[in-house]
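Asks: So you can see what is in the structure, the chains are spelled out below.
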Amino acid sequence: MANLVKDVVISQDTPKDLLLDKHIDYLLKYGTDTNDFEFCMTEYLRMSGMYWMLTTLATAKKLHLISKDQFTEFIDQCFDKETGGYSACPGHDPHILYTLSAVQIACILDSVDRLPIDDIVRYIAGLQLPDGSFTGDKWGEIDTRFSFCAVATLSLLNRLSSINVKKAVEFVLSCQNFDGGFGSKPKSESHAGLIYCCVGFLSVTGELGRIDADHLGWWLCERQLPSGGLNGRPEKLPDVCYSWWVIASLTMLGRQHWISKDQLRRYIFASQDCETGGFSDRPGDLPDPFHTLFGVAALSLLGESNLIPINPTFCMPQDVLSRLGVESQVLTK
Amino acid sequence: MKVVSDPFCNLCGVTQVQDVLHFFLDCAFTTDVLKEHIEEEMAKTYDHYNEQAVMEYLGEGLKDLKRLTRLLEMHGQVKTDKSAAVKEKEKKQKDAKLKIYREGMAQIFEKRKSGIKDWETMRCVGDVLSMNPDVYTLWNIRKEILLHMVEEKTIDEPVKVGEDELRLTEICLKINPKSYGAWHHRCWIIEHFPELDLKRELILCNKYLKLDARNFHCWDYRRFITSRLGLSPEEELSYTMQKIEEDFSNYSSWHYRISEDGGKWTTVNSIKESPLWVSDLNSNSSSEYNIKVAILNEVENVCLKADNDFVWFRKPQFDPEVSPKLKALLVEQLETCNQLLELEPESKWPLLTSVVFMKAIDTTQFREEIIRRLRCLMKYDKYRSSYYSDILSKFLIEEEFKSNELPTGSFSLKNLGLTSFYYTQYFARFELIDLSHNKLKRTLTKLEFAVNCTTLILDDNDLTSLQNIPFLPQVISLSVADNRLKTADEILNCIDKLPSLQKINVARNPFVEDDAGKQDFVKKLKTLKPTLEIIVD
Ligand SMILES: [Zn+2]
Chain A
1 MANLVKDVVI SQDTPKDLLL DKHIDYLLKY GTDTNDFEFC MTEYLRMSGM YWMLTTLATA
61 KKLHLISKDQ FTEFIDQCFD KETGGYSACP GHDPHILYTL SAVQIACILD SVDRLPIDDI
121 VRYIAGLQLP DGSFTGDKWG EIDTRFSFCA VATLSLLNRL SSINVKKAVE FVLSCQNFDG
181 GFGSKPKSES HAGLIYCCVG FLSVTGELGR IDADHLGWWL CERQLPSGGL NGRPEKLPDV
241 CYSWWVIASL TMLGRQHWIS KDQLRRYIFA SQDCETGGFS DRPGDLPDPF HTLFGVAALS
301 LLGESNLIPI NPTFCMPQDV LSRLGVESQV LTK
Chain B
1 MKVVSDPFCN LCGVTQVQDV LHFFLDCAFT TDVLKEHIEE EMAKTYDHYN EQAVMEYLGE
61 GLKDLKRLTR LLEMHGQVKT DKSAAVKEKE KKQKDAKLKI YREGMAQIFE KRKSGIKDWE
121 TMRCVGDVLS MNPDVYTLWN IRKEILLHMV EEKTIDEPVK VGEDELRLTE ICLKINPKSY
181 GAWHHRCWII EHFPELDLKR ELILCNKYLK LDARNFHCWD YRRFITSRLG LSPEEELSYT
241 MQKIEEDFSN YSSWHYRISE DGGKWTTVNS IKESPLWVSD LNSNSSSEYN IKVAILNEVE
301 NVCLKADNDF VWFRKPQFDP EVSPKLKALL VEQLETCNQL LELEPESKWP LLTSVVFMKA
361 IDTTQFREEI IRRLRCLMKY DKYRSSYYSD ILSKFLIEEE FKSNELPTGS FSLKNLGLTS
421 FYYTQYFARF ELIDLSHNKL KRTLTKLEFA VNCTTLILDD NDLTSLQNIP FLPQVISLSV
481 ADNRLKTADE ILNCIDKLPS LQKINVARNP FVEDDAGKQD FVKKLKTLKP TLEIIVD
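Protein chains in written order, with the UniProt record's numbering: chain A, 1 to 333; chain B, 1 to 537.
No lab work stands behind these hints, which were simulated from the structure alone. Treat the hints with caution; some may be incorrect.
Claimed, not checked - With the Cβ distance kept under 8 Å, some of the chain A side facing chain B (calculated, not the full set):
1. Asp-33
2. Phe-37
3. Tyr-44
4. Gly-91
5. Trp-139
6. Ser-184
7. Lys-185
What the hints assert, rightly or not - Using C-beta positions, here's what the derived DEER-type ranges look like:
8. B:Glu-533 x A:Pro-15: 53 to 59 Å
9. A:Asp-118 x B:Glu-321: 31 to 37 Å
10. B:Glu-533 x A:Leu-324: 42 to 48 Å
11. A:Gly-303 x B:Lys-87: 51 to 57 Å
12. A:Leu-324 x B:Asn-415: 45 to 51 Å
13. A:Gly-303 x B:Pro-324: 47 to 53 Å
14. B:Gly-230 x A:Pro-15: 51 to 57 Å
15. A:Arg-122 x B:Glu-170: 53 to 59 Å
A virtual CB, placed ideally from N, CA and C, is assigned to each residue, including glycine.
Chain B with its partners taken away, still in its complex shape (with noise of 0.2 Å):
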């Protein structure tokens, strides 16, 4: 097998029987030597089929086969340069295909207007299902006579009539293995013919699964079987722990396994962002308020005070609770990753596992180090520099809200290289926000919450827009020096949504970089604003 191996493997490291056949029709090989090769192959992996069905596959018409599964599924139809004599040949072939598949659909649609539901039909659409399995009317068909025949009690042998049905679907999946209508097909007759047997079918889903253990519409027609047959959650784990020692990159199996273990997974990693609520009180009412707060299914009485500002914030938790078992697992796999980044200091998925360890152990001792590594990342792994970068962005400020302990009155984020916003629910609390110098660039949508805020400070970061700053009823102060705002449009049409501003700060954007910019700018704006204090330099 040495033909197969490399370019196969690299290419798409499938051993599916079909793709194999492919492959050496694909080299043209003489007749002889394609026979030898594919009986090797065939005796290695694909027993369950039988050899006539093989042999029925490598027939006649197999090169249409092919270009119509491909077809079919749109994918993967490579493009070559062909012969004059060639396509002609082609075309006559599959102008005589056509002119089958016209003719028996012709015939079906006339049968089933003329209300016959016999096996001719049947037979019928099963041709034309085993050269088109996605005519999903014409499975339709076939489950409409199927059920008319056991109302009119006309099945003697129902298990034989089921295991027909079967192999119908086999055959069609043959020459699409993601035939939506031919899965579904398999389902609905192991619903409705309790006598078939469901041991053969969770065997031939395990055969199946060695040919292409990606096969999700198999993983997910193996999960209805076993959930028909009763098996226990263990059995299935050994199952699915064979499959994975197999092929330990296999990512289907690794998620069946995890669906299956009770559920009680959790991430490490993950808040997920509450949003903020607010409500205006009576203006001569009591200093106390009574409410419910429901969370998800928790109920919370919470009692809102005067010299609290009427505010009431669930503590935010952003460690993960881990027991002291799972940690000292954690610091042993740490140091796995340590050894190997000692090797290779610039390898990508140590460095990111070790950073969600580290945040999961102890996000103090490892500050310095998380950053670090975060760091590299966005060096090392280039095209997702920006994941990195705002996963780093919601660390930082994780951190300044824990050191902080949620402070009331000013709060400052400045010159942490921030991207991107996180948790501004907990912008609510403050009047001077400060986020100079940092990277941020994209929306300030998020800003919204920051309901109480009377000075913005956003100096030196890299904004090139304000139209989507949010409605902001109490900023006073907004000051956007130094950023890269081009236009006066960017102020001008976003004032609107300051209603209180009484000054701003627009200094060394290229908008007011000479003295016509800033004498424009200043004019316009003064039309809007006539008392608005206005600094451009």
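The following block holds chain A by itself, in its conformation from the complex (with noise of 0.2 Å):
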């Protein structure tokens, strides 16, 4: 079965604009039931899926509709004072991840100043390795995803310094392979979910320059498939969270024009859920929280009119970054 191109086929009755209120009803309504089966086995991530919908919010406008508070002491109670680390809720282990998570949810919900920075800060900079990449907690996993969070986590609490910056940018380009792209580690396969992760760091440490954008510029809009959606790697389906990856890498390297917007815008519309609200990953599928965001935040960048715009790097609302006075690198074309 050599060669077969895999992809969606667009009907016609799909959604053709963005359902902003029915996303808002979907998620505000996600996880009220606490005995919800899906919710509750979902567990191990809430803290990254509340910044999902918080993200998700913040685009559209609507973070006046949730309290504050109920986030927040969340956070206090998911922090390991041992470590400096946050977990994915409270009972599990810290680990990076829900670290970055919890640092992006304080930093939308403007309590930066609530956080123990000292700790977390500690806590990152003691999971780099001598060879600069870092693990994701005490065990011992490397992947340049949690380069990513490294730095990403840092830099929102100004704090980059604290790590040996020069090592983690030679790690991160030691994982780049001949077709241009990242992998989780060196020698590992491209992907666009780690392409995200690698340029994402790139950009976070102003590295930009040390790529060569065209090339991988070239393997990132091969991932446009004729439904208009993007994959995530040759012959992979296409995918709401991986346009989002795709096109926020492309957005950085100063080469989103490469593709073309309104196919693309297409195929995202198209993955709305017009009953419940919420994106899936194809036309079709089950809605949830994280390709909701990533449905959002790729239309943001696309410069839809009725949401604020998003940063490429952080996911984040680039207000919020205004706001903390972080910057990060994109190329000019």
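Put the two chains together into one complex, using the hints given.
Replies: Encoded structure:
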């Protein structure tokens, strides 16, 4: 079965514009039933779930609909005093993924001053290895996702100098492949999610000039399929979340125009659920908060008028980053 | 297997056994038909799991597992309409499962709090993990307990314990083949139980990759195992080549081969852009400066001379160095592409590949053909037309620099259909830069290197904004006639960035279409810069 183009067909009756109110309803309803099976079984990523929800609401200018305290209290409950990191939910172990999410939430809610910044910095800095890479927690898994989490967290806290940035950059660059893309560690296959992490990492550290943007940009624009959606690797199906990772990377590289924005917009619109609200990975699938954020975020990057501009590096509203004075590099074309 | 092959292969082309099973279940066959087909399919592709495991997998609650798998992965959960009765039944099953999960978690956390690190806890953790393999904290608890047991020397049969751990990860990977926690636990176990048989792991990887050759976690794991086994690159290459032959389009294998191949790969068509360095010189000093230039690890001694405007460039090298042997091969390959194009002149890959080959063989000889084929690609591969036009711009600018041998004074890139700038660091030398009659419409930021430019001509482009024009300290004359500037503010807001400006031409832009617009603009601009010469038509 070599060389099949895998794609979806978008039917005529799919939505043609943004059903923003429905998505807001969907998110506000999500998790209100604390006995919901899916909700409970995904508690191991609750902190990120909260970040997805808050970023979507903030981008839709609807942050006033939630109670800020509920979120800041949750963050406090997930703080691990001993290590300085945050867990996904109370009782679970700290991890760099959820530490970034917790800091992002605090930034969006303008409560960074409540954070135990020195502890968080100690936690992140303690996860760096001599070769510059980062582990996700004390158990030693290494991944370029964690390199991104580390510099993004520290940059939001204005403490990037607490780690060896030079070594960290060297490690990320050592994960670049012959096709211009990046994988999770040296020699791992290129993958749009990890490319986003590595390009985002270089954007945070101001080192985007170190890569050949044309070469990587070409690999990324080849991800667009006839349906308009983007996939994460060659010969895979299109997906709303990969659409975000690819378009955000292209935006950082100054090459957003290398794909058809109209076709991408059409695909993302078609992946909305007109009944319940929310976005799914592809038209006709069940929605979830994860794809809802990335659908909305990608539309914001494409210039959707009802949304506030989102920052391609941090996947957070630009006004939040401007308020904090956090800068990230974007190449120009 | 008629039932499976068509719809399934076209949809996603995966032969992973879970998917095959799910497909059967989706088709709602009767139990007997189901069993017969499954046995047939199992015999073909599912040899490394024992029958009991498969039947367990097929057992009660499979539907839930499937739902859960997709939920945890958060992908591909198809929305279906269900009757009230089905919903009710599912709800009951889920409530029961949730109860087990919650009680399990509570019990485990209770034991952890009391410092209980025994086999009973391990069993409990294993049960919950096989329901929900992504609860990363549970994998941590397992490792804590195992480390404790190793320290207390209470593990009598390390091989059995290690194998049990591996088996648990296998069960979990069946539920979610991309579970980071399970894959990492597997590596951790291999590291902490050196008694385990690595060859067996390799065989398992090979079998698993037969089911899904694109699972990059498995390729990463395989790399981890082979590095511990100390396998030679030749052995590895032969395995990868075998996988490529089995499935020619398998990108994961191609990737693996190129990484293992000693790392000496080169790209034919990429040149990294180098930045520009500018320094103030002491006005009264000598006619020569000796500086050291470090590019990557090479240090070069450079003499900056007055008769060369104190400018030094590393000579741009646009064409890659290609050995005669490789060139002969490329000529052969180009011929193949051309034959394909004779049959199908509009096919993308031969067009694109041939452009790369022609660039590598001889850009001068193939100049017109390269341009023609890139223009074809702009037409036939519409979604990416801006990519091709930018790459064409890059090629044309390279050609200009090559033919001009880095001129001094004035430089023209007019009438080339440019959509984008490249190599603007070389603009640093020029006093007059003519970019008229192109298709420039995006940001002008890259002109920041034009530090010595006094005359900048941008007539007849598609510019809609000048907001991003960089600081250009020397520009005396700017011409942006025949563009699409809609408001006077485009000029008024950027005037600070052009401190030396004496003359500006904005004729034939929408904002100076009528007399009122012209007068208004001149009046406003004169207040900012009274002595400026303004041309509006
Ligand atoms: Zn997705």
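Asks: Determine for every hint whether it applies to the structure shown.
Replies: Verification of the supplied hints:
1. Asp-33: violated (11 Å)
2. Phe-37: holds (4 Å)
3. Tyr-44: Constraint on A:Tyr-44 satisfied, holds at 5 Å.
4. Gly-91: holds (5 Å)
5. Trp-139: holds (6 Å)
6. Ser-184: Result: holds, 7 Å to nearest chain B Cβ.
7. Lys-185: This hint holds: A:Lys-185 lies near chain B, its Cβ roughly 7 Å from the closest one there, short of 8 Å.
8. B:Glu-533 x A:Pro-15: 53 to 59 Å: holds (54 Å)
9. A:Asp-118 x B:Glu-321: 31 to 37 Å: violated (53 Å)
10. B:Glu-533 x A:Leu-324: 42 to 48 Å: Since the Cβ atoms of B:Glu-533 and A:Leu-324 sit about 45 Å apart, the hinted range of 42 to 48 Å holds.
11. A:Gly-303 x B:Lys-87: 51 to 57 Å: violated (40 Å)
12. A:Leu-324 x B:Asn-415: 45 to 51 Å: Given range 45 to 51 Å: holds, Cβ gap about 47 Å.
13. A:Gly-303 x B:Pro-324: 47 to 53 Å: Holds, at about 50 Å.
14. B:Gly-230 x A:Pro-15: 51 to 57 Å: holds (56 Å)
15. A:Arg-122 x B:Glu-170: 53 to 59 Å: violated (37 Å)
When each numbered hint is compared with the structure, violations occur for hints 1, 9, 11, 15.
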